[in-house]
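2 protein chains.
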Amino acid sequence: MRLYGYWRSSATYRVRIALNLKQLHYSYVPVHLVKEGGGQHLAEYQKLNPAELVPTLVEEDGNVINQSLAIIEYLDEVYPELVSFLPVSPLAKAKVRTLVHDIACDIQPLANLRVLQYLNTTLQCSDSQQKNWSKHWIETGLKGIEQRLQSSAGRYCFGNEVSLADIYLVPQVYNALRFSLDLDNYPLIQLIYLNCNQLAAFIAAKPENQPDAE
Amino acid sequence: MRLYGYWRSSATYRVRIALNLKQLHYSYVPVHLVKEGGGQHLAEYQKLNPAELVPTLVEEDGNVINQSLAIIEYLDEVYPELVSFLPVSPLAKAKVRTLVHDIACDIQPLANLRVLQYLNTTLQCSDSQQKNWSKHWIETGLKGIEQRLQSSAGRYCFGNEVSLADIYLVPQVYNALRFSLDLDNYPLIQLIYLNCNQLAAFIAAKPENQPDAE
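Protein chains in written order, with my numbering: chain F, 104 to 317; chain Y, 104 to 317.
Excised from the complex, chain F in its bound form (with noise of 0.2 Å):
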């Protein structure tokens, strides 16, 4: 399968880190999102997401998936094996798809290369207002998060095997400490960080490692 994305995009990071944990083998088409425009505007990729965003799955036999969170429980429920990325229990999945909601509603879409070319050309805000801008969301986001993790952390967001949550939240700090956000002040989302990104999988995922990478 190809999955189309650029490095720096937490919703592609997010993908492939998906993909790593299933080992699933995939071809990585980038679609630089600056350049030019930005290629999620060409016709020819609008015609596979018509929201001209990033990430987009496309199958061997054609079938196109957008949305990171669509393309990520479809991998989970498509390929079971070697890892599930929800725990079994209705309020146990619930819980998970809580942290993950935190992240992929009111973090991520507030801070991400759209909104803040609109903060810069539309409505004129300084450097340094976009600056806080994406600090303030992502701020008020994990601080929620570090209180919700207090009852369901272990090594991972929830308890000792690596979920969804963990996913999501990787890529969000991997953004975060792009605007210098200081980690101190939530302890347990440093640790669950560390903890993912001293496996394979999150390490092959990270944007640095990506051949589209600058």
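Be a bit skeptical, because a hint or two may be false.
Since copy identity is lost for identical chains, a pair holds within one copy or between any two.
[As the list claims (entries may be wrong)] Straight-line C-alpha distance at most 20 Å; calculated SDA-like pairs for lysine to any residue:
id: 1; residue 1: 246; residue 2: 153
id: 2; residue 1: 246; residue 2: 148
id: 3; residue 1: 125; residue 2: 223
id: 4; residue 1: 238; residue 2: 250
id: 5; residue 1: 138; residue 2: 194
id: 6; residue 1: 238; residue 2: 313
id: 7; residue 1: 238; residue 2: 227
id: 8; residue 1: 150; residue 2: 254
id: 9; residue 1: 150; residue 2: 194
id: 10; residue 1: 246; residue 2: 149
id: 11; residue 1: 234; residue 2: 224
Source of the hints: derived by calculation from the structure; they are not laboratory data.
Following the hints, position chain Y against chain F.
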């Protein structure tokens, strides 16, 4: 069970639709998001939801679940009777989830109350800048969704059965209409919105039909 929410919150609206479709009885606990700095920030509520957002579902046995999507997927799993919010095939499920995340991740979080408050207070954006901001993200999102629906819609977002996608679409369209968005540019979305709003579960969930409506 108890649902903590706010009449005009999209995320609460979704959960109300889901509870109604499953014909589950619940008591509704209003959390006023604006008055006196916002009830979601009070210590008592923060214990239920560290993210200080609505909704929160509290089950009779005391289980607490945050994040609308985690709540709704939980309800669907625990109460499989009457209707199922997701189709059976993994690929169909992924298609429905893509539509859900288009809204839950890429539209709603950008145009919600706390973001508009930040634009207003911290960035000192004018009323028209705030309105344009919301319209921009809603229009960008709905444009992609309208295109996706061309290959999935029947009477509802995904064929002729109500799914999770409709539970997300209706509150988003309701919100778009508050920003005077012209739905004529989105004929499938408009049609599905009208079809859903003929169903008792959707009518009873409307913001204006809640006890805390103003």
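Now the hints, each set against the structure:
1. Only between protomers do residue 246 and residue 153 lie at most 20 Å apart by alpha-carbon distance; the minimum there is 8 Å, versus 34 Å within a single protomer.
2. When the C-alpha separation of residue 246 and residue 148 is checked against a cutoff of 20 Å, the pair qualifies only between copies, where the shortest distance is 15 Å, while the shortest distance within a copy is 36 Å.
3. Neither within a single protomer nor between protomers do residue 125 and residue 223 lie at most 20 Å apart by alpha-carbon distance, with minima of 39 Å and 45 Å respectively.
4. Taking CA atoms no more than 20 Å apart as the test, residue 238 paired with residue 250 passes inside one copy only; the shortest distance there is 18 Å, against 34 Å between copies.
5. In the homo-oligomer, the alpha carbons of residue 138 and residue 194 never lie at most 20 Å apart, since the shortest distance is 44 Å inside one protomer and 32 Å across protomers.
6. For a Cα distance limit of 20 Å, the shortest separation of residue 238 from residue 313 qualifies neither inside one copy, at 26 Å, nor across copies, at 35 Å.
7. Proximity of residue 238 and residue 227 under a CA criterion of 20 Å is satisfied in both settings, with 18 Å inside one chain copy and 18 Å between copies.
8. In this assembly of identical chains, the alpha carbons of residue 150 and residue 254 lie at most 20 Å apart only when taken from different copies (12 Å versus 43 Å within one copy).
9. Taking the closest pair of Cα atoms, residue 150 and residue 194 come within 20 Å of each other only across two copies (18 Å); inside a single copy the shortest separation is 38 Å, beyond that limit.
10. For the identical chains of this complex, residue 246 and residue 149 are inter-copy neighbours only, at 12 Å across copies versus 36 Å inside a copy, given an alpha-carbon limit of 20 Å.
11. Taking the shortest alpha-carbon separations for residue 234 and residue 224, both the intra-copy value of 14 Å and the inter-copy value of 16 Å come in at or below 20 Å.
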